[in-house]
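For the record, the sequence lines run as chains D and C. Take our numbering: the last position of the first sequence gets the number 420, and nothing is skipped along the way. Take our numbering: the last position of the second sequence gets the number 726, and nothing is skipped along the way.
Keep in mind that the hints are not guaranteed to be accurate.
Said to hold, decoys possible - Label-pair restraints from in silico Cβ distances:
| id | chain 1 | residue 1 | chain 2 | residue 2 | range |
| --- | --- | --- | --- | --- | --- |
| 1 | D | 363 | C | 437 | 56 to 62 Å |
| 2 | C | 519 | D | 363 | 43 to 49 Å |
| 3 | C | 568 | D | 222 | 34 to 40 Å |
| 4 | C | 707 | D | 267 | 30 to 36 Å |
| 5 | D | 337 | C | 696 | 22 to 28 Å |
| 6 | D | 389 | C | 559 | 52 to 58 Å |
As the list claims (entries may be wrong) - Cβ-to-Cβ under 8 Å is the rule here; a few derived chain C residues that face chain D:
| id | residue |
| --- | --- |
| 7 | 440 |
| 8 | 443 |
| 9 | 535 |
| 10 | 548 |
| 11 | 554 |
| 12 | 561 |
| 13 | 576 |
| 14 | 608 |
| 15 | 682 |
| 16 | 686 |
| 17 | 687 |
| 18 | 692 |
| 19 | 695 |
Honestly, the hints are just simulated from the structure, not real lab data. The beta carbon of each residue, even a glycine, is placed where N, CA and C say it ideally should be.
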Amino acid sequence: MNVRKIVRVMVAVSLIWGALTTGALAAEPIKMGAILPLADSTGKDGSRSMELAVKQINEKGGLLGRQVKLIMMDDEMKGDKAAAALDKLVTVDNVDIIVGGVGSGATMGAIPGMKKYGKVVVWIGGASGKIEEAMAGQDWFFHLHAWDYQQGALWETGYLEMEQKYGIKRKKTFMAYEEGAFGSGSFKAGKPIYEAAGNELQGEAFKSAALGGGDYRSVLRHAKEFGAESFIWTGYDKDALPIMEQAKEIGFAPGLFVGSPPGWPVDFKNTPLNQAVMFYSYWSEAQGVKNKNSKMYSDAFRKEFKDDPVTYFGPLAYTNIMIVAEAIKRAGTLDNAALIKALEATSYASPMGDTFVFKKSKIIDHQAFASPKIMQWQNGKAQVVWPWEVATAKLIYPFPAWDKRDKAAVPAKKAKGEKK
Amino acid sequence: MKYSKYLAVLVLFIVAAALPNYLGLYQLQIMNFVFVYIAFALSWDMLLRSGQLSFGIAGFAGIGGYTSVLCGYNFALSPILCILIGSAVAGIVALFVGSQVLKLRGLYFSIVTLAIGEIFRVIVRNLEVTGAAEGILLPNAIFMGNATKTYWLMFAIATFTIIISILFQKTRIYYALTSISNDEIVAASSGVNIFKYLVIIFVVTSAIQGMAGAAYWQIYASVTPEGAFNLGFALLPITMALFGGVGTTWGPVIGSAILSVTAEYLKLQFPHGHLLVYGFIMVAAILWFPSGIMGVFKQFTAKFNT
């Protein structure tokens, strides 16, 4: 074999090797790193929904000719664990983008790491205004949830509209809140709003069953003695059933009985105690009646997991992945700057019933969130009663007295000027 | 043979000192967990040697953490100075509490220490100056988040605790506390000032816990009531010390190292059920090896020698 032949063979081998390695690189999946509290109902719904979204993306050929791989880490709702999860995702798994997030405390612990790495983060939780302050000027941070001060204001708008439509009386409002950041923060954010609306507001903290509590009798009695026309409790899913049982036990049935846990316990829909209980949320399965994306999501979730999502973090996590996927497609690359630009151009019709578009909030540049909704449990289903354009049922008002529940569980008759 | 123990310790320290050159950022983060639990478990064990069962780790770690973060947030002091202040405040609180409750014994003392964390959690949650329920966020983490430097910081705290524990076993206080643990009446009739020695050891161990908590929350540049006073900080170190073997310096160290790493390993293997598996392992280990790893090791070496 002469030198020329050897050179030709070497060139051929190099070309084949090059082609093979390029092929191997092309086969390398796009990695999305998710941080969620996996033992919690929000994390359970969120992780399943993210898996569903990734499965659907991969079935359609993936992104940029590559498959998508989702790597999930549990933050256990703790800041230190969230920080470790972030380190693992970025330095061990070399993920291309960070998604997920639920609790504010866990988010706060991960912030130094997020700033250190500067990876693109599309975050669905952490509603505390302190997080917004900490993220000032961070162009890689995209937030898909309303801040605490925004939530209260939007729901108050809903109440004012419902007051006019249904003749609701709520001059005396009692707010019971779990003593942690979630409950106290909600009370703090809601207090000036309620008072500005002319409400006489009284608040009292309770220890959530999720944190070792479970006796709400004292708070409920105080609300009853106060003569509350509207009772709002802010706590966790584990508080829902005992609060209703103890309210029935002491015969407390104010005109409006409102709960606002991030998610309801799975069996809450089966209890007759739920009838006419109102709650705040961003999504209900009932929205599928009016919104095809919502129906598509619910059907796909049920088909995949033989179960229903119980918290809005399900469709929100699905939205999280889909927004990132669309941005990667638009960017055509995983380069940070291009990805940020592509994310800024987001316009995604989410299963939550809203089109997500990033705008400037009070401090950060990239915030998009679903419109808050006021819901009510009616005959075992969570129905949307406000905003009107997405409402799936009329409000049952007043909350039926415990001894007259069978007769009273019908939609409100006081609606003014309503078309049948 | 006489020097083999010291040689083993030296090798261990050389390995620990070399680790940052070989570990990634995630593994360094796990080492922070190992070191903070070593400080908690070993300091808890030092108090246990006097016969006092404390559940106050979460309380003192939380006091240290809050003090340190508040110092940084309000006065922009150096993080190291903030950690020292956090440790001092935890020690002062322990001095005040100890002078009142160390007259109690057994279950009564344990319950009071358990209440410390809960009381301070309620206080910080209701004060605006401590950030109320949302807690406080610092603009920057200690050493600007440099993982190698934070490794050295936590390594130094764990090493400091180990050295204190070893030195402690050579002091008069140790003998006094051992005699108190064995029989208080005999100790008192021998002239041992029981109350004084108990207060000293309670203050020292609480200051260590305060220092570890202060450094830990400086790394995450934030502190929340639920995070800083987390009951897990009271119960996990106790389990780790029991798992490694109480009454020794190396038992809690080994227990903390094994269980901290196991917790993270399980999380990677079983993302959805790791806490359940971890809980089962801890219960099973304590049921089957009540004297801990050091106990098993001692039994083994005793059999080997005979």
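**Prompt:** Are there hints from earlier that the structure breaks, and if so, what are their numbers?
**Reply:** Failing hints, ascending: 1, 3, 5, 6, 7, 8, 9, 10, 13, 14, 15 and 16.
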